[in-house]
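Chemist: One-letter residues, chain by chain:
Number of protein chains: 2
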Amino acid sequence: MTIEEAIDMAGQVQAAVDWIEVGTSLIKEFGMESVRRIKEAFPDKVIVADIKTNDNARYEFELCYRAGADVATVMASAPDATLDLCMQTAQSHGGIIMIDLLNVTPQRVEELQRYTEAVLCQHVSKDQQEHHGQTLGGQSIPDPQQQDTHSIDSDSTQAARPSIAAAGGITLDTLPSILQDRPAVVIVGSAITKAAHPAAAAREIRSRITEVMQAMQKGAYHV
Amino acid sequence: MTIEEAIDMAGQVQAAVDWIEVGTSLIKEFGMESVRRIKEAFPDKVIVADIKTNDNARYEFELCYRAGADVATVMASAPDATLDLCMQTAQSHGGIIMIDLLNVTPQRVEELQRYTEAVLCQHVSKDQQEHHGQTLGGQSIPDPQQQDTHSIDSDSTQAARPSIAAAGGITLDTLPSILQDRPAVVIVGSAITKAAHPAAAAREIRSRITEVMQAMQKGAYHV
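Heads up: the protein sequence lines correspond to chains G and U, in order.
If you read the first sequence in full-length UniProt numbering, its first letter stands for residue 1, the second for the next number, and so on.
If you read the second sequence in full-length UniProt numbering, its first letter stands for residue 1, the second for the next number, and so on.
Isolated chain G (complex conformation) (with noise of 0.2 Å):
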């Protein structure tokens, strides 16, 4: 895909999302040309730079801040040191942060819960759909209110905790199940992309959420 064709992509379905993800192999393709050219055609969207940091993280974090992404993607399995350093980044640019959970322990994805602003997105790769099968969902992360029970500060019922978010291989038929854990952000890809409707298959998937998150506010909902 090159840029014009993911303008275009974008361009067709963004009445119906509030995000727009540049995805790694696009920038790794095309560099930041691709975040500042998506910026462009669509300033009122939160742009996200999927750009995947395993090192070197203030330089890259810059990069993407800088050619007008609102958020950059870090790995889970990088560093400590390199997760500090986006997230110092994110917040002397006023940006976001997001985790990319890929291929990462429970035990990891706890150790993150200490990262309170930043995006925790749990992810089942590509290479893993298609070539393992693999789908979301049996690799949640644990319910806040039943990690609250073995938090440090177990006394507060409000204690702060990273945002979620869903992405990998999500169809309109997987996003009930998805939905359980209320993620903040769901990521379509391929769902939307390769639909003969790409703008048809957006739309629906945002009526879909609007309708499973309402019935679960209602209590009305379980998969």
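Read the hints as simulated data drawn from the structure, not as lab findings.
Careful, some of the hints might be misleading.
To be verified - FRET-style restraints, in silico, Cβ to Cβ:
{"no.": "1", "chain 1": "U", "residue 1": "D80", "chain 2": "G", "residue 2": "E5", "range": "27 to 35 Å"}
{"no.": "2", "chain 1": "U", "residue 1": "A160", "chain 2": "G", "residue 2": "G219", "range": "54 to 62 Å"}
{"no.": "3", "chain 1": "G", "residue 1": "H131", "chain 2": "U", "residue 2": "Q107", "range": "38 to 46 Å"}
{"no.": "4", "chain 1": "U", "residue 1": "D8", "chain 2": "G", "residue 2": "A200", "range": "46 to 54 Å"}
{"no.": "5", "chain 1": "U", "residue 1": "L172", "chain 2": "G", "residue 2": "L172", "range": "53 to 61 Å"}
Unchecked claim - Among the chain G residues that face chain U by a calculated CB cut under 10 Å, a handful are:
{"no.": "6", "residue": "N54"}
{"no.": "7", "residue": "L63"}
{"no.": "8", "residue": "L85"}
{"no.": "9", "residue": "D100"}
{"no.": "10", "residue": "N103"}
Note that beta-carbon positions come from the ideal geometry of N, C-alpha and C, so glycine has one too.
Position chain U against the provided structure of chain G, taking the given hints into account.
Modeler: Below, chain U without anything else, positioned relative to chain G:
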């Protein structure tokens, strides 16, 4: 650093180096254009695209090899599905795969011994060096001969093993200790690029490597 500056730097030191690594952040800033132009400028060097793949392995590795890279890198923390696809893509393009061992467990390093065609790169990241003062050493890959005593085919002392590379803050002073692991590849960054005289620094490092390796072959060098 721009692509032009990277080409200028590589030009200064080329007589003393065999491989030229196109850094992760250069790729993320300028895309595959960085790999293409550096291969064009140095067609006879082995070009490493340090793309640090975490997912979308086939796509990213093909980008690298098509842009002229001889070696492409993948994170050891990536799912096995991704590593397997990197391996397949490397083989079908006649390329080399280097697996970056950044921040993984000794158990993971042991698992990766099955990628006998790969180069395993011991890596202390820039962020770890600068913020925790970590250096290479104390986290060596176990000695191949020791490993043989508990490998599956322990009868064979000639069991195929991945090659070893070492990277991360290596200097003239730390070289002798690094070389104890007999790496096939030593990757030196700032000790060359930030030296007052990069060409002289590269030559000195090259000489030191030759000198230490010769002494080790004679059994005369111990740290």
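Chemist: Each hint: holds or not?
Modeler: Status of the hints after comparison with the structure:
{"no.": "1", "hint": "U:D80 x G:E5: 27 to 35 Å", "result": "holds (31 Å)"}
{"no.": "2", "hint": "U:A160 x G:G219: 54 to 62 Å", "result": "holds (59 Å)"}
{"no.": "3", "hint": "G:H131 x U:Q107: 38 to 46 Å", "result": "violated (22 Å)"}
{"no.": "4", "hint": "U:D8 x G:A200: 46 to 54 Å", "result": "holds (51 Å)"}
{"no.": "5", "hint": "U:L172 x G:L172: 53 to 61 Å", "result": "holds (60 Å)"}
{"no.": "6", "hint": "N54", "result": "holds (5 Å)"}
{"no.": "7", "hint": "L63", "result": "holds (6 Å)"}
{"no.": "8", "hint": "L85", "result": "holds (6 Å)"}
{"no.": "9", "hint": "D100", "result": "holds (8 Å)"}
{"no.": "10", "hint": "N103", "result": "holds (5 Å)"}
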